[in-house]
Amino acid sequence: MATPESATARLGRLLTMVPWLVNRQGIDIAEAAKELGVTTAQVEADLALLFVCGTPGHLPDDLIEAEWEEGRVFLRNADTIARPLRLGLDEATALIAGLRTLAAVPGLDERDAVDRALAKLVEAAGDLGGATDRVRIALEDEVPSETLATVRAAVAAHRRLHLVYVVPSRDETTERDVDPMRVVSLDGNWYLEGWCHRAQDVRLFRLDRVASVELLDEDGTPPTGARPRDLDAGLFTPGPDDLSATVELQPDATWVVDYYPATDVERRSDGVLTVSFRTADLRWLRQLVWRLGGSARVVAPESLRAEIADGARAALAAYED
Amino acid sequence: MANSPAAKTERLLNLVICLLYTRQPLAKARIRDAVPQYGEAASDEAFDRMFERDKDELRELGIPLRMEPLDPLFDDESGYRIDRREYALPELSFEPDEFAVLGLASRTWQQASLAGAAATALRKLEAAEVERDVNSVVGLEPRIHTTEPAFNTVKDAVLRRQGISFAYRKAHGEASQRRLQPWSVANWHGRWYVTGFDLDRQAPRVFRLGRIEGAVKRVGKPGAYDVPAGHDPIAMIDGPETPPAEAVVLVHEHAGNILRRRAHDSADADDGRTRLTLRYTDPGVLADEIAGFGPAVQVLSPPELAAAVVRRLRGALDRNGAA
Numbered sequence: 262m263a264t265p266e267s268a269t270a271r272l273g274r275l276l277t278m279v280p281w282l283v284n285r286q287g288i289d290i291a292e293a294a295k296e297l298g299v300t301t302a303q304v305e306a307d308l309a310l311l312f313v314c315g316t317p318g319h320l321p322d323d324l325i326e327a328e329w330e331e332g333r334v335f336l337r338n339a340d341t342i343a344r345p346l347r348l349g350l351d352e353a354t355a356l357i358a359g360l361r362t363l364a365a366v367p368g369l370d371e372r373d374a375v376d377r378a379l380a381k382l383v384e385a386a387g388d389l390g391g392a393t394d395r396v397r398i399a400l401e402d403e404v405p406s407e408t409l410a411t412v413r414a415a416v417a418a419h420r421r422l423h424l425v426y427v428v429p430s431r432d433e434t435t436e437r438d439v440d441p442m443r444v445v446s447l448d449g450n451w452y453l454e455g456w457c458h459r460a461q462d463v464r465l466f467r468l469d470r471v472a473s474v475e476l477l478d479e480d481g482t483p484p485t486g487a488r489p490r491d492l493d494a495g496l497f498t499p500g501p502d503d504l505s506a507t508v509e510l511q512p513d514a515t516w517v518v519d520y521y522p523a524t525d526v527e528r529r530s531d532g533v534l535t536v537s538f539r540t541a542d543l544r545w546l547r548q549l550v551w552r553l554g555g556s557a558r559v560v561a562p563e564s565l566r567a568e569i570a571d572g573a574r575a576a577l578a579a580y581e582d
Numbered sequence: 019m020a021n022s023p024a025a026k027t028e029r030l031l032n033l034v035i036c037l038l039y040t041r042q043p044l045a046k047a048r049i050r051d052a053v054p055q056y057g058e059a060a061s062d063e064a065f066d067r068m069f070e071r072d073k074d075e076l077r078e079l080g081i082p083l084r085m086e087p088l089d090p091l092f093d094d095e096s097g098y099r100i101d102r103r104e105y106a107l108p109e110l111s112f113e114p115d116e117f118a119v120l121g122l123a124s125r126t127w128q129q130a131s132l133a134g135a136a137a138t139a140l141r142k143l144e145a146a147e148v149e150r151d152v153n154s155v156v157g158l159e160p161r162i163h164t165t166e167p168a169f170n171t172v173k174d175a176v177l178r179r180q181g182i183s184f185a186y187r188k189a190h191g192e193a194s195q196r197r198l199q200p201w202s203v204a205n206w207h208g209r210w211y212v213t214g215f216d217l218d219r220q221a222p223r224v225f226r227l228g229r230i231e232g233a234v235k236r237v238g239k240p241g242a243y244d245v246p247a248g249h250d251p252i253a254m255i256d257g258p259e260t261p262p263a264e265a266v267v268l269v270h271e272h273a274g275n276i277l278r279r280r281a282h283d284s285a286d287a288d289d290g291r292t293r294l295t296l297r298y299t300d301p302g303v304l305a306d307e308i309a310g311f312g313p314a315v316q317v318l319s320p321p322e323l324a325a326a327v328v329r330r331l332r333g334a335l336d337r338n339g340a341a
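For the record, the sequence lines run as chains A and B. Using our numbering, you'd call the opening residue of the first sequence number 262 and step up by one each time. Using our numbering, you'd call the opening residue of the second sequence number 19 and step up by one each time.
What follows is a set of in silico ranges between Cβ atoms, one per label pair, in the way DEER data are often shown:
no.: 1; chain 1: B; residue 1: ASN21; chain 2: A; residue 2: LYS295; range: 31 to 39 Å
no.: 2; chain 1: A; residue 1: LYS295; chain 2: B; residue 2: ALA221; range: 48 to 56 Å
no.: 3; chain 1: B; residue 1: HIS207; chain 2: A; residue 2: GLY298; range: 28 to 36 Å
Here are the simulated lysine to aspartate or glutamate pairs, DMTMM-like style, with alpha carbons at most 20 Å apart:
no.: 4; chain 1: B; residue 1: LYS188; chain 2: A; residue 2: ASP513
no.: 5; chain 1: B; residue 1: LYS73; chain 2: B; residue 2: ASP62
no.: 6; chain 1: B; residue 1: LYS188; chain 2: A; residue 2: ASP531
no.: 7; chain 1: B; residue 1: LYS73; chain 2: B; residue 2: ASP51
no.: 8; chain 1: A; residue 1: LYS381; chain 2: B; residue 2: GLU109
no.: 9; chain 1: A; residue 1: LYS381; chain 2: B; residue 2: ASP115
no.: 10; chain 1: B; residue 1: LYS188; chain 2: B; residue 2: ASP216
Every beta carbon over 12 Å from chain B, so not counted as near; a handful from chain A, in silico:
no.: 11; residue: THR301
no.: 12; residue: GLY332
no.: 13; residue: HIS423
no.: 14; residue: HIS458
no.: 15; residue: ASP462
no.: 16; residue: ARG464
no.: 17; residue: LEU476
no.: 18; residue: LEU477
no.: 19; residue: ASP480
no.: 20; residue: GLY486
no.: 21; residue: ALA487
no.: 22; residue: SER505
no.: 23; residue: THR535
no.: 24; residue: ASP542
No lab work stands behind these hints: they were computed from the structure. A virtual CB, placed ideally from N, CA and C, is assigned to each residue, including glycine.
Construct the entire structure; sequences and hints are all you get.
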């Protein structure tokens, strides 16, 4: 743990850990540590602490019995705290908001289980239930449920998929075979992650850009060594061959830095931002500058600026007759 | 080391056990005798201070500490206890498939600020359920991020119905100080928003957490106002529904792929281009999108949409034309 755990936080953790261990007498200490998300040394320290606690009197019979010799954990005489503490507000909120999010996934087979779990949890949350409704997550709802169902079925059955996929940043429609790995909803969009035979690499496909999908009658096990990407660094990871570009954004276009992966941002006193991007392909930037309608100027590369000016001229010519 | 964190945890744990164990409310003096670590307090005052703090910390953990008269006939002296039924999670039994979706719900937060709370909640629910089927929800991973620094304070204020104030940067320009009674916090299209009643504007408003600058201050007490019944945060963020209008555009061969996908109707034009009919609700959004295609897409109708696209392209040309 990065920051030292406070005494109160540790108490909260112990009150959760005791009922869990009481129901798993003889569990391997390393396994318990892993499931509880702490180190084995931490579990030992916790057990040593529990060992000296107990009911008033604090005679040997009053104390919690904790044993962990030979790597197996036994916890007895802890009846007063053998039931978990009620869910706290954040705890109830996290699960209830998570379940409500799942309930809204189009065409989910587990919908019935979600509804049952949700009903029980809302009951368990009691008075807190109303508050938990005020934290909401809306996932993308424009994905056809058949697309989602097909790609999920392919993941489950390890079957290859054939995709017709639109790449808006290059304005292309592509066809490719993909060995599916998982379906992820990230920052509001649904993605299929899988081994793309065309790119010979792991790729993410946004499901709302899948024009059509076909489940092939072929094994779709990704090659060994294909690993899901770490999505927590964000979707954009600059590569060594990336091109760089610098753009000046007027104050009314500074929102761009919230949406696009800028590597460097400088704010001038007049509110204009100078922003740098590193990216494998600059076509999306050309699109962005056109749509920003004069609120963005490409500083570098000059060739991109010229391309934008030429393209705008050609487009405007069509409206002149 | 009477003051080490471990000693304090030990004291708090003994206090919890003692108050759960007793059926009758316990007077402070009795508690002092029953919890060995209180014996180390140097004076009555030191014990009083320690006990007051401990009570607050237990309540913050959500432990329902009751203060009741020691004798029902005389309420001159109070004692403390924890009601076991109030303390404990109700007995619930979840089916394996329910556990599987609970696990999935909890993992939604695994990279976000509620990750710890979600994992603890799951551990409490599964305390007595050793059997579970973690793999039954195949290959589905909803993930949510809470990278906005304001998230935690705003979420707490929403859950507790407590006012907040913060500096807010609009899409264009300066940050201004806002005071809000927050109603809900919602993630929409991957971004967090807070809805609520803006005390300065005296009207309901939506704010994007990513545009809040600096620290969010809490104002006033929790439970200070009510959230309107039937408040729908997503509908409020999404804005009022407007009936869709129709636009006709010409797209070059192989171009406008994302528009082709959405087109309501499509027909070949004489010059190799394709004529698409699109439905839209926000002309600004569609004009942005069409301008982004540059020369590959041309608007035929309505004229207002064509004018909006021309305005964008002319601006881009003016700004990027001369060296």
